[in-house]
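Note that the protein sequences, when read in sequence, are chains L and R. Counting in numbering that gives the first Met the number 0, the first sequence runs from 0 upward without gaps. Counting in numbering that gives the first Met the number 0, the second sequence runs from 0 upward without gaps.
Just so you know, these hints were derived from the structure itself, not from any lab. Note that CB positions come from ideal geometry on N, CA and C, so glycine has one too. Fair warning: there could be bad hints in the mix.
To be verified - Listed next, the in silico EDC-like pairs over lysine to aspartate or glutamate satisfying Cα-Cα at most 16 angstroms (straight line): (1) L:Lys70 to R:Glu56; (2) L:Lys71 to R:Glu51; (3) R:Lys66 to L:Asp121; (4) L:Lys157 to L:Glu131.
What the hints assert, rightly or not - Away from chain L, derived, C-beta distances all over 10 angstroms, residues of chain R: (5) Pro25; (6) Ser129; (7) Arg130; (8) Leu347; (9) Asp375.
Here's the letter readout for the chains.
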Amino acid sequence: MSTRSTLRQNLSCQHGRRSILRSLVGWSLSVAWFQRAESARARDEEFRVIVHPRNPLSSASREFIADVFLKKASRWEDGEVIRPADLRPNSNVRRSFSESVLRRSVAAVRNYWQQRIFSGRDVPPPELESEEAVVQYVLTHSGAVGYVSAAARLGAAKAIVLK
Amino acid sequence: MRAACAALALFVSGTAAAEEASDVDPTAIQVHGFVSQGFIKSNHNNYLAASERGSLEFTEVGLNFTKQLSDNLRVGLQLFTHDLGPLGNYSPQFDWFYLNYRFADWFGIRAGRTKIPFGLYNESNDVDSSRVPILLPQSLYPVDHRDYLLAQTGGEAYGHLRLSEAGALDYRAYGGTIFLTPTPPAAGVTLTRFEVPYVVGGRILWQTPVPGLVAGGSYQALRLDAAYSFDPAVSSLFQMLGYLPAGLQGALPVKFRVKLWVLSLEYTYKDLQFAAEYGRWIGDFESRAPLIFPPHTVNERYYAMASYRVANWFTPVAYYSVYYPNVEKRDGPQSHQRDFAVSLRYDLNANWLLKLEGHVMNGTAALDSSLNDGKDVKNLTRNWGVFLAKLTAYF
Chain L
0 MSTRSTLRQN LSCQHGRRSI LRSLVGWSLS VAWFQRAESA RARDEEFRVI VHPRNPLSSA
60 SREFIADVFL KKASRWEDGE VIRPADLRPN SNVRRSFSES VLRRSVAAVR NYWQQRIFSG
120 RDVPPPELES EEAVVQYVLT HSGAVGYVSA AARLGAAKAI VLK
Chain R
0 MRAACAALAL FVSGTAAAEE ASDVDPTAIQ VHGFVSQGFI KSNHNNYLAA SERGSLEFTE
60 VGLNFTKQLS DNLRVGLQLF THDLGPLGNY SPQFDWFYLN YRFADWFGIR AGRTKIPFGL
120 YNESNDVDSS RVPILLPQSL YPVDHRDYLL AQTGGEAYGH LRLSEAGALD YRAYGGTIFL
180 TPTPPAAGVT LTRFEVPYVV GGRILWQTPV PGLVAGGSYQ ALRLDAAYSF DPAVSSLFQM
240 LGYLPAGLQG ALPVKFRVKL WVLSLEYTYK DLQFAAEYGR WIGDFESRAP LIFPPHTVNE
300 RYYAMASYRV ANWFTPVAYY SVYYPNVEKR DGPQSHQRDF AVSLRYDLNA NWLLKLEGHV
360 MNGTAALDSS LNDGKDVKNL TRNWGVFLAK LTAYF
């Protein structure tokens with residue numbers, strides 16, 4: 000009798016735990032899918048890749064720019080050290096840039112950098128607050144490269160074509 | 000120690016802002032850190048810790064400093080301490096330290112203590128923030144083998160080569176030794192000598208022309224030299240049973256050569272990621288006690304894992320992982336470990352994350368008898384489950 004009672008209690012307890020787990024997963028999925036749908040409605044931002052005005056490059060391949068922002072490529076063709084700068088992770092321009100050039104979501108890129116940081120491989124490019132800050136960074140660092148929205152004022156910074 | 004961890008967690012929130020402000024200067028010292036506190040509970044068998052009654056002995060703390068000394072030269076180190084059941088016990092250590100010189104994108108060198116590139120995720124084994132599950136598939140990334148597999152002291156060459164239309168290659172090769180303090184083998188047995196004369200290996204990852212598809216292979220070879228001495232009573236008993244050679248005087252020298260290889264495949268399409276790996280570890284013992292140290296053992300390890308980032312703050316993952324300690328003997332619960340796991344990762348904000356994870360286990364090969372009252376693993380419960388929770392702060 001007591002064994003049966005214990006078994007019933009165990010089953011009831013396991014059932015309770017499973018219900019909590021199912022509710023948690025269900026709630027997470029519903030809220031996340033809702034946010035995902037909202038995020039999908041957000042319009043992709045057009046962006047331009049910009050470099051220092053003295054940089055002789057007028058175009059670059061998508062793969063090369065991806066290598067630059069993942070710090071797998073470190074020098075321009077003329078030997079100048081490349082200094083990439085990112086926008087903040089919540090920027091729509093960064094989201095567009097990340098998905099179309101790096102072919103990864105911003106969250107995936109953050110995970111990539113976490114792995115690099117804590118395994119001692121490298122540190123990520125600086126994340127700047129605004130497009131104005133990116134333009135300023137590009138103008139004040141000779142090997143710099145960044146990206147801004149198509150509507151941003153570039154000043155003397157040079158936009159290059161992505162092939 | 001727990002107070003120190005809590006202080007670091009508070010430090011995380013405060014430092015994130017300061018660190019962001021200074022990171023525009025490429026020559027500034029970069030500081031990053033993490034602190035994790037986990038909980039582990041199993042319904043049968045103690046796994047990694049005293050998990051049957053529930054254990055909080057699952058803590059990791061790391062703090063690293065990196066400085067770019069010139070365009071090509073970088074220096075860095077990471078302090079690390081952890082506690083996982085009987086392992087770690089908050090003993091502080093240098094997780095890695097190095098001097099890195101990059102001659103070109105296709106060739107750079109590092110000297111110091113560097114993490115071992117093995118498979119897709121070995122370097123992430125103690126970086127909770129860079130992976131989805133709490134425990135990576137334990138067949139290939141056993142967390143209790145951390146001291147053996149995570150880092151080596153010596154040198155490493157690395158590079159990245161773009162192959163035009165054929166994709167790109169990432170390659171690394173290393174050689175050196177591993178310094179570690181082994182745990183005592185058993186009552187009445189003492190380890191009088193333990194050293195790793197060499198460890199060499201490498202990994203190559205090919206970013207194929209198919210967007211998001213990465214294929215790779217890793218290889219490692221190492222030798223362990225050990226000497227065991229036995230208490231007189233144990234020695235007499237083992238000699239009588241034929242485990243030790245008759246008339247053994249002094250310590251028993253043992254040479255252990257290990258070769259490990261793994262093949263890897265990873266595919267990422269938007270927020271979906273799939274990974275599968277297959278490996279074998281081949282061990283050859285050279286000793287006068289072949290019943291204790293079998294001359295040749297091959298074990299097999301593989302898994303398949305899929306994750307999907309539903310939203311920036313929520314990523315579920317599931318995997319199935321299998322481990323056979325001896326490919327010649329696949330019968331009995333002690334001869335395999337099959338693990339089906341589901342994990343949920345919640346990114347609470349840019350510096351905090353919470354993970355919940357459940358495992359359904361079949362087999363006892365990955366269990367440690369010393370955590371289970373010295374019972375032989377073949378006598379432990381065959382079907383069992385584990386629940387884990389982990390909170391991590393990082394910057």
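Taking the hints in turn, this is what the structure says about them:
no.: 1; hint: L:Lys70 to R:Glu56; in the structure: violated, 37 angstroms
no.: 2; hint: L:Lys71 to R:Glu51; in the structure: violated, 46 angstroms
no.: 3; hint: R:Lys66 to L:Asp121; in the structure: holds, 10 angstroms
no.: 4; hint: L:Lys157 to L:Glu131; in the structure: holds, 14 angstroms
no.: 5; hint: Pro25; in the structure: violated, 6 angstroms
no.: 6; hint: Ser129; in the structure: violated, 4 angstroms
no.: 7; hint: Arg130; in the structure: violated, 7 angstroms
no.: 8; hint: Leu347; in the structure: holds, 12 angstroms
no.: 9; hint: Asp375; in the structure: holds, 27 angstroms
In terms of the numbered hints stated before, the structure departs from hints 1, 2, 5, 6 and 7, listed from lowest to highest.
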